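**Student:** Sequence:
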Amino acid sequence: MLPPRAIRLRSHAAPARSRTARAKAGGVPRARCRGLRLRHRGPARGPAPDALLADRHGVPRVSSCPICHGSDTRLAYALIECNLIECGSCSHCFSELRPGADPEVYGEDYYLEQHREYFENPDRSLFARTLDRLGDRWPSGGRIVDVGCGPGNWLEFLRERGYAPYGVETSAAAAQQARDKGLEVECVEIAGYRPPVPMDGMISWYVIEHIDEIDAFIADSARVLPAGGVAVFATVDSGSTIYRLGKLLHRLSLGRLRWPLQRICQVHHVQHFTRASLDRVLEANGLEVLDRFSAPFPVGSVNASALQRWMVRIAYALAAPFDSHIIQVAIARRRPA
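Once you know that position 152 of the sequence shown is 152 in the working numbering, the rest is easy, because the numbers rise by one and skip nothing.
Heads up, some of the hints might be wrong.
As the list claims (entries may be wrong) - List of simulated lysine to aspartate or glutamate pairs, DMTMM-like, C-alpha gap at most 20 Å:
(1) K181 - E160
(2) K181 - E86
(3) K181 - E156
(4) K247 - E86
(5) K247 - E81
(6) K181 - D136
To be verified - Restraint ranges, calculated between C-beta atoms of paired labels, are given here:
(7) E288 - R194: 19 to 25 Å
(8) G135 - G255: 43 to 49 Å
(9) A128 - A317: 19 to 25 Å
(10) P139 - L249: 43 to 49 Å
Read the hints as simulated data drawn from the structure, not as lab findings. These figures come from a predicted structure and were not determined experimentally. C-beta: ideal position from N, C-alpha, C; glycine also.
Model the full structure from these sequences, guided by the hints.
**Tutor:** As structure tokens, then:
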């Protein structure tokens with residue numbers, strides 16, 4: 001479902017470490033399971049127009065936008081543990097950890113504690129809606145690979161619907177949870193992954209927001225599919241109403257009220273896609289977007305206080321008339337070579 005179990009997202013101030021050293025960090029279980037490399041960009045060379053702002057918050061200017069690869073980037077929002085960097089060319093936002101922030105570890109605790117509410121209460125109604133929107137684009141009984149399958153919620157649903165699901169997961173703990181349900185899951189590195197048998201379709205559910213080298217991931221995903229094969233990508237929508245409200249509160253408070261936007265963005269999210277930036281990266285890497293829709297994240301699956309859940313319900317009510325919910329789902333087809 002989500003990225004590697006034992007990788008620390010590093011601030012610019014943190015010393016570089018090898019993948020092996022990162023995999024041993026954070027007290028994670030010793031079971032070997034390689035993970036997808038998630039890296040944050042280093043500072044660009046030369047002066048930056050917003051250098052004073054960057055210096056004041058202790059964040060160097062980043063080199064380029066991961067979507068359009070332009071260099072017109074600026075610090076947009078200084079949050080508690082990370083900062084949102086915005087591209088002046090395509091408006092895509094992405095995160096950088098602030099120096100001194102505690103790096104997030106994708107360990108066993110990530111699945112069993114931090115996001116327990118979501119994994120124990122998957123949004124099966126959204127799964128059903130997604131299959132309805134797919135129609136007959138996946139063949140009946142087809143073999144569908146879920147890249148980043150977590151404990152196997154989507155795989156279970158597909159099995160119930162008569163498909164032949166196959167999971168790929170970098171977390172040893174999550175992969176074992178899925179196997180305990182009788183599901184077929186590989187625990188391997190996602191980067192450059194190729195399934196052992198041909199697949200008829202693919203799912204990437206709440207994964208791409210965690211990935212730094214997004215072009216490579218999407219291109220690899222397209223190559224998993226046969227020509228004309230269809231993939232589903234679900235991620236957050238940074239153009240949604242709840243994101244806009246968080247940004248508005250940040251601006252109106254002159255940066256003093258940072259926790260709502262920090263809570264929405266989450267420190268482990270690297271990419272914050274709008275609908276336009278998601279379409280752009282899919283189209284640039286061999287896929288054609290066929291359909292898309294938005295959906296709310298279930299309030300019951302949110303690990304939050306009663307006050308925060310009340311605020312989320314208000315934001316959802318405001319978003320409903322505009323179909324501007326926090327989750328966006330894109331259905332895309334592999335273009336012929």
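**Student:** Each hint: holds or not?
**Tutor:** These are the hints, each one checked on the structure:
For the hint pairing K181 with E160, the CA-to-CA distance comes to about 12 Å; that is within 20 Å, so the pair holds. For the hint pairing K181 with E86, the CA-to-CA distance comes to about 42 Å; that exceeds 20 Å, so the pair is violated. A C-alpha spacing of about 8 Å is found between K181 and E156, which places the hinted pair at or below 20 Å, so the restraint holds. Note on K247 and E86: the hinted pairing holds, with a Cα-Cα distance of about 12 Å set against a maximum of 20 Å.
Distance check on the hinted pair: K247 and E81 sit about 16 Å apart at the alpha-carbon level, within 20 Å; holds. Under the criterion of a C-alpha separation no larger than 20 Å, the hint pairing K181 with D136 is inconsistent with the structure, at around 27 Å. One distance hint, 19 to 25 Å for the beta-carbon pair E288 and R194, holds here, with the actual separation near 22 Å. Range check, G135 to G255: about 46 Å between beta-carbon atoms, so the 43 to 49 Å window is met.
With their beta carbons about 23 Å apart, A128 and A317 fall inside the hinted range of 19 to 25 Å. For the pair P139 and L249, the beta carbons lie near 47 Å from each other, so the given range of 43 to 49 Å is met.
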